[in-house]
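Q: Residues per chain are reported as follows:
There are 2 protein chains.
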Amino acid sequence: MQKTIKFYSKPSIIATSTVVGPKEGEGPIGKYFERIVFDDTFGEKTFEKAECKMLSTAIEQSIKNAELGVDEIDALLSGDLLNQIVSSSFAARSFEIPYIGVYNACSTMTEAFALGAMMIDGGYFDNVVAATGSHFSTAERQYRYPLELGCVRPPQSQWTVTGAGSAVISSKRKGNFPHITHATFGIVSDFGVKDANNMGAAMATAAASTIQTHLENLGVKPNYYDLIVTGDLGALGSRLLKDVLKERGVNIDKNHVDCGELIYNIDEAEYQGGSGAGCSASVFNSYIYGKLIKRQIKRVLFVATGALLSTVTTQQGESIPSIAHAVGIENEEN
Amino acid sequence: MQKTIKFYSKPSIIATSTVVGPKEGEGPIGKYFERIVFDDTFGEKTFEKAECKMLSTAIEQSIKNAELGVDEIDALLSGDLLNQIVSSSFAARSFEIPYIGVYNACSTMTEAFALGAMMIDGGYFDNVVAATGSHFSTAERQYRYPLELGCVRPPQSQWTVTGAGSAVISSKRKGNFPHITHATFGIVSDFGVKDANNMGAAMATAAASTIQTHLENLGVKPNYYDLIVTGDLGALGSRLLKDVLKERGVNIDKNHVDCGELIYNIDEAEYQGGSGAGCSASVFNSYIYGKLIKRQIKRVLFVATGALLSTVTTQQGESIPSIAHAVGIENEEN
Numbered sequence: 054m055q056k057t058i059k060f061y062s063k064p065s066i067i068a069t070s071t072v073v074g075p076k077e078g079e080g081p082i083g084k085y086f087e088r089i090v091f092d093d094t095f096g097e098k099t100f101e102k103a104e105c106k107m108l109s110t111a112i113e114q115s116i117k118n119a120e121l122g123v124d125e126i127d128a129l130l131s132g133d134l135l136n137q138i139v140s141s142s143f144a145a146r147s148f149e150i151p152y153i154g155v156y157n158a159c160s161t162m163t164e165a166f167a168l169g170a171m172m173i174d175g176g177y178f179d180n181v182v183a184a185t186g187s188h189f190s191t192a193e194r195q196y197r198y199p200l201e202l203g204c205v206r207p208p209q210s211q212w213t214v215t216g217a218g219s220a221v222i223s224s225k226r227k228g229n230f231p232h233i234t235h236a237t238f239g240i241v242s243d244f245g246v247k248d249a250n251n252m253g254a255a256m257a258t259a260a261a262s263t264i265q266t267h268l269e270n271l272g273v274k275p276n277y278y279d280l281i282v283t284g285d286l287g288a289l290g291s292r293l294l295k296d297v298l299k300e301r302g303v304n305i306d307k308n309h310v311d312c313g314e315l316i317y318n319i320d321e322a323e324y325q326g327g328s329g330a331g332c333s334a335s336v337f338n339s340y341i342y343g344k345l346i347k348r349q350i351k352r353v354l355f356v357a358t359g360a361l362l363s364t365v366t367t368q369q370g371e372s373i374p375s376i377a378h379a380v381g382i383e384n385e386e387n
Numbered sequence: 054m055q056k057t058i059k060f061y062s063k064p065s066i067i068a069t070s071t072v073v074g075p076k077e078g079e080g081p082i083g084k085y086f087e088r089i090v091f092d093d094t095f096g097e098k099t100f101e102k103a104e105c106k107m108l109s110t111a112i113e114q115s116i117k118n119a120e121l122g123v124d125e126i127d128a129l130l131s132g133d134l135l136n137q138i139v140s141s142s143f144a145a146r147s148f149e150i151p152y153i154g155v156y157n158a159c160s161t162m163t164e165a166f167a168l169g170a171m172m173i174d175g176g177y178f179d180n181v182v183a184a185t186g187s188h189f190s191t192a193e194r195q196y197r198y199p200l201e202l203g204c205v206r207p208p209q210s211q212w213t214v215t216g217a218g219s220a221v222i223s224s225k226r227k228g229n230f231p232h233i234t235h236a237t238f239g240i241v242s243d244f245g246v247k248d249a250n251n252m253g254a255a256m257a258t259a260a261a262s263t264i265q266t267h268l269e270n271l272g273v274k275p276n277y278y279d280l281i282v283t284g285d286l287g288a289l290g291s292r293l294l295k296d297v298l299k300e301r302g303v304n305i306d307k308n309h310v311d312c313g314e315l316i317y318n319i320d321e322a323e324y325q326g327g328s329g330a331g332c333s334a335s336v337f338n339s340y341i342y343g344k345l346i347k348r349q350i351k352r353v354l355f356v357a358t359g360a361l362l363s364t365v366t367t368q369q370g371e372s373i374p375s376i377a378h379a380v381g382i383e384n385e386e387n
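Heads up: the sequence lines are chains A and B, in that order.
Letter by letter, the first sequence follows residues 54 to 387 of the working numbering.
Letter by letter, the second sequence follows residues 54 to 387 of the working numbering.
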């Protein structure tokens with residue numbers, strides 16, 4: 054049985070930063086991102102280097118926003134979708150911070166939040182950074198087809214977010230900040246979905262299981278949370294999630310939002326909405342975090358979801374195992 | 054400044070398991086491995102599936118060796134060298150255990166040990182598994198050339214270990230087991246090495262920095278440890294490590310061993326010795342762990358080293374950033 058960890062010391066998210074591409078900046082929550090890059094190469098020669106620069110820019114800015122020096126950060130928890138998480142490793146190279154590479158595909162943001170909260174709550178570290186990102190053009194090149202081929206996208210597909218998000222988790226609260234109260238690490242689930250263009254469906258059951266376990270372990274109803282925020286299920290995956298949970302007697306219709314549905318004005322090109330590790334990272338660390346800071350919402354269950362495939366596993370006929378890690382984040386009045 | 058974490062509660066490594074290929078089984082420490090597979094496909098259709106099966110076999114056996122049920126394991130920390138760490142993710146699919154994907158290339162074993170020790174010492178979990186592995190044929194295919202091409206290997210190259218290692222870290226000691234006393238997470242270093250066939254050189258400086266910081270933070274001399282065990286620097290990298298440390302006034306000549314040097318009868322094909330995440334994982338969790346259990350040695354500093362490259366970064370002209378995480382493991386008389 055999965056355990057849900059309770060953090061008694063209120064590890065706080067004292068600052069965040071987000072950097073996104075032009076398409077994300079033009080979307081419905083564009084005004085909430087800290088920085089919008091109007092050229093998705095970000096002045097670099099390759100999209101891979103641009104992805105890395107977005108991530109390192111978000112990391113650097115989040116540390117500045119926390120009014121901390123880089124030398125006050127005890128660890129950087131980061132991962133991304135590129136092979137060997139090189140965006141994170143090369144971003145880490147620019148900081149003199151101990152680096153802990155993490156990877157659970159698009160659930161990396163909540164994985165990093167949960168591990169970071171442990172490091173703070175356990176008394177091991179004072180300040181850690183949790184960050185991730187993705188880039189549409191690097192993901193297309195690596196996972197699907199070169200953009201130059203001009204392949205037509207199927208209607209169940211999602212659009213990988215070009216963007217990065219970073220957050221500073223700290224034991225030192227100088228004010229009232231949202232803090233991480235609980236974490237539930239997910240178990241890998243696999244319901245046999247083999248369509249790499251339909252990851253929302255693959256991930257929906259993983260999200261359903263983790264959300265249900267988390268609520269049961271806390272002994273609360275879904276309405277305990279003002280928002281249950283999934284990572285990047287997209288429109289189709291979100292519908293599946295709600296249907297699956299309803300069958301199990303858990304109704305999240307009223308308080309569920311999905312970062313993949315929030316980030317774009319969904320029209321033909323994006324079909325089901327945003328995806329990628331940068332999707333939940335950029336949406337949570339801007340729009341959702343802002344609502345928590347202003348206490349427009351006070352309790353959020355943040356459930357980033359990951360599809361654990363590679364091109365090799367798909368080519369070898371494997372289905373797509375999925376995972377979802379949940380973190381409870383609250384900002385109650387004292 | 055890097056912090057060194059001290060674990061007061063003695064998170065113990067209560068069991069391990071290793072599975073290796075035929076070449077590793079024939080090497081100088083072959084008799085210490087728990088299981089030697091005499092066909093490196095392990096009965097699977099592809100080398101990737103074989104790598105995954107070796108890893109899941111080691112995980113399963115380590116849990117059995119700990120006399121625990123799978124349902125008593127609170128988390129599985131695992132990562133590997135394949136794109137999107139799919140060996141770990143697909144191995145995790147076979148267990149109903151919350152899964153936390155980690156990746157720092159060949160330093161993944163000590164990264165997982167350090168995070169696992171935190172989870173136990175912080176009181177969050179009772180039993181966690183830390184595991185990783187690699188496979189010569191999947192690594193060659195992914196990072197270098199298809200085996201069928203028959204490319205000649207340069208003399209500075211190493212041989213990726215076909216093998217996996219798994220360890221159970223627990224808060225529940227029923228006897229005297231080696232326990233994790235300290236952890237120092239590494240900072241990424243990059244001295245401009247661009248030769249992907251010479252990773253020992255790239256990683257040597259990372260190992261030197263982490264070892265030096267760890268010893269300084271503890272206020273001890275190198276001889277505090279009976280053995281300082283690096284991951285997979287190989288013969289050339291080990292010589293570089295010792296030279297670099299000597300220049301800084303730290304002499305580890307007498308108590309340093311490298312898993313990459315231990316695992317093979319080094320002749321022409323392997324040149325500098327073993328490498329890969331499975332190298333330190335299989336050597337530590339068999340030969341070194343056995344010595345600790347028997348108290349032939351009582352204090353080990355285990356420093357797995359990772360080269361954080363991908364084929365894309367190499368193709369784009371990047372140098373090879375490296376990292377090393379250190380964990381102190383001791384088994385003193387009570």
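Among the clues, some could well be false.
No distinction is drawn between identical chains; accordingly, a pair holds when it is met within one copy or between any pair of copies.
Claimed, not checked - Below, in silico cross-link-like pairs of lysine-lysine (PhoX-like), each with a Cα-Cα straight-line distance of 25 Å or less: (1) K84 / K351; (2) K299 / K225; (3) K56 / K117; (4) K347 / K98; (5) K295 / K117; (6) K344 / K102; (7) K274 / K247; (8) K102 / K247; (9) K247 / K98.
I should point out that these hints are in silico values taken from the structure, not numbers from a laboratory.
The model shown is predicted, which means the values in this text are computed figures rather than measured ones.
Q: Compare the structure with each hint and give your call.
A: Verification of the supplied hints:
no., hint, verdict
1, K84 / K351, "within (21 Å within a copy, 58 Å between copies)"
2, K299 / K225, "neither (40 Å within a copy, 39 Å between copies)"
3, K56 / K117, "between (35 Å within a copy, 21 Å between copies)"
4, K347 / K98, "neither (39 Å within a copy, 55 Å between copies)"
5, K295 / K117, "neither (39 Å within a copy, 38 Å between copies)"
6, K344 / K102, "neither (32 Å within a copy, 45 Å between copies)"
7, K274 / K247, "neither (33 Å within a copy, 55 Å between copies)"
8, K102 / K247, "between (30 Å within a copy, 17 Å between copies)"
9, K247 / K98, "between (34 Å within a copy, 19 Å between copies)"
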